[in-house]
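Going down the list, the sequences are from chains A and B.
So the first sequence is numbered by this note's numbering: it starts at 16 and just counts up by one.
So the second sequence is numbered by this note's numbering: it starts at 16 and just counts up by one.
These aren't lab readings, by the way, just hints derived from the structure by calculation.
It is possible that some hints are incorrect.
One copy or two, either will do: identical chains are not told apart, so a pair holds if it fits within one copy or between any two.
The calculated lysine to aspartate or glutamate pairs, modelled on DMTMM-like cross-linking and capped at a C-alpha distance of 25 angstroms, are [as the list claims (entries may be wrong)]:
| # | residue 1 | residue 2 |
| --- | --- | --- |
| 1 | LYS67 | GLU126 |
| 2 | LYS136 | GLU76 |
| 3 | LYS136 | ASP107 |
| 4 | LYS67 | GLU52 |
| 5 | LYS67 | ASP187 |
| 6 | LYS57 | GLU76 |
| 7 | LYS136 | GLU149 |
| 8 | LYS136 | GLU52 |
| 9 | LYS136 | ASP178 |
| 10 | LYS67 | GLU101 |
| 11 | LYS67 | ASP33 |
Here the structure is a predicted model, which means the values were calculated and not measured.
Protein chains: 2
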Amino acid sequence: MRVTGKAPMVERILQTADRLFYQRGIRAVGVDLIAAEAGISKRSLYDYFPSKEALIEAYLERYTLPLPQTGASPAAQILGAFDRLERMFRQDGFRGCPLVNAVAELGGACEPVRSIATRFKQERRAWFRDRLVEAGLATPDALALQLLLLSEGAIASMLVSGDVSVARGARDAAVVLLRSAGLALEPAGTAA
Amino acid sequence: MRVTGKAPMVERILQTADRLFYQRGIRAVGVDLIAAEAGISKRSLYDYFPSKEALIEAYLERYTLPLPQTGASPAAQILGAFDRLERMFRQDGFRGCPLVNAVAELGGACEPVRSIATRFKQERRAWFRDRLVEAGLATPDALALQLLLLSEGAIASMLVSGDVSVARGARDAAVVLLRSAGLALEPAGTAA
DNA sequence: CAGCCTCCACACAGGTCGGTGTAGGTTTAA
DNA sequence: TTAAACCTACACCGACCTGTGTGGAGGCTG
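Could you build all of it, start to finish, from the sequences and the hints given here?
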């Protein structure tokens, strides 16, 4: 039961905080609960994280969606990102993007939160742009932003309505935008 | 100083709650602060709203974006909605959609919040659909959803990044989607 | 002026919050 | 066996939370 290494204990705390923060909201979860669910005392938790704010930042920093760079064609990778979005929506317990939620909840009160979230969204936008460059697009920035907006909109809409089909709607819109930019989508359109 | 009528006092409380809830987050604002900023005692506030939860619901229920039905063409009205989005973004103090933020913050803890937000988003989607029907589209549902996703994505992106230009990106994507659906956009493309 | 009625200032209850201090028990190593 | 290191359980602090109870000041009506 005893965990000797320091790193795995930190990881266990972060996993617990992740689950509770994401599911119930950051302000709604106290450190006592996190410590109890992680199976350690509150006193020990404060040996690993000096404050709740530090724990919040570590929780947000830890969040990184895997955006794999597979061998498929760039356009297929982009559409695959929307398919993965739909798969995320189908997992029960989906509650939107943790970073957006944190900014919405903490707002102007916590400036680091905003910068973490902004950096992450810029990485996602850069991923779209890189795929578009791969596909031969000379000016990919505008389209990359539009694809990001579609996925962000789908995440927000799924959060409030719980309707999984918004992912398909975003994907369909992405197809239109990609085609309109001159990209060839080799497989049969919107087939799964 | 004394406000005799009941309705204007309710309105004053709601305006104060609106400002504080929206700017700092719902959980971050106590009823003491709302009462103080509204210029009444906490005791009197509880004469108008039986609980903080009731005040929250009234605050969310009150939120209605005006989606005017002007004399312009349907397509122009739709693009005008994105222009109004950009104008909203430019107002200082913009902090995303209050309903989405509330769902993100309160989440599963408060079921009425979700239903209020869902209803509102459905109304917005219906507004897009009605405009598309006006424009002669036979199957407007998919495109209406996609337009909603674009605006929701712009709102979320603006919330985290503070970059006003996402509104223009959403508008540009809307133009592409509308054209792809066969709608004629009489004025000169993306000009202001 | 008397009576009434509204509202505020204030205090309070019961609870939770983030964060700390400490005593004692358990594991490890010499 | 003994000493050191670690960790838990628990009490505690001040602050804040929602919600209520009350005394009295102030204005309105007779």
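Up to 25 angstroms CA-CA - GLU76 versus LYS136, copy category:
within (12 angstroms within a copy, 31 angstroms between copies)
Measure nothing new, just compare the shortest in-copy and cross-copy C-alpha distances for LYS67 and GLU126 to 25 angstroms and report within, between, both or neither.
So LYS67 and GLU126 pass the 25 angstroms test inside one copy only (15 angstroms; across, 27 angstroms).
Could you figure out if LYS67 and ASP33 sit no more than 25 angstroms apart (CA to CA) within one copy, between two copies, both or neither?
Answer is within; shortest intra-copy Cα gap is 13 angstroms, inter-copy 28 angstroms.
Can you tell me if LYS57 and GLU76 fall within 25 angstroms by alpha carbon in one copy, between copies, both or neither?
within (22 angstroms within a copy, 39 angstroms between copies)
Measure nothing new, just compare the shortest in-copy and cross-copy C-alpha distances for LYS136 and GLU149 to 25 angstroms and report within, between, both or neither.
within (20 angstroms within a copy, 36 angstroms between copies)
Up to 25 angstroms between alpha-carbons, please classify LYS67 paired with ASP187: within, between, both or neither.
Cα proximity of LYS67 and ASP187: none, with 41 angstroms in one copy and 42 angstroms across.
Is it within a copy, between copies, both, or neither that the alpha carbon of LYS136 lies no farther than 25 angstroms from that of ASP178?
Both: 23 angstroms inside a copy, 12 angstroms across copies.
Given identical chains, is LYS67 near GLU52, meaning Cα to Cα at most 25 angstroms, within a copy, between copies, both, or neither?
Within one copy, since 15 angstroms is at most 25 angstroms while 29 angstroms is not.
Measure nothing new, just compare the shortest in-copy and cross-copy C-alpha distances for LYS67 and GLU101 to 25 angstroms and report within, between, both or neither.
Neither way: LYS67 and GLU101 sit 33 angstroms apart in one copy and 36 angstroms across, limit 25 angstroms.
Using 25 angstroms as the alpha-carbon threshold, which applies to LYS136 and ASP107: within, between, both, or neither?
Result: close both inside a copy and across copies, 24 angstroms intra and 22 angstroms inter.
Identical-chain pair category, LYS136 with GLU52, by Cα at 25 angstroms:
Answer is neither; intra-copy 30 angstroms and inter-copy 36 angstroms both fail.
Consistency with the previously given hints fails for numbers 5, 8 and 10, ordered from lowest to highest.
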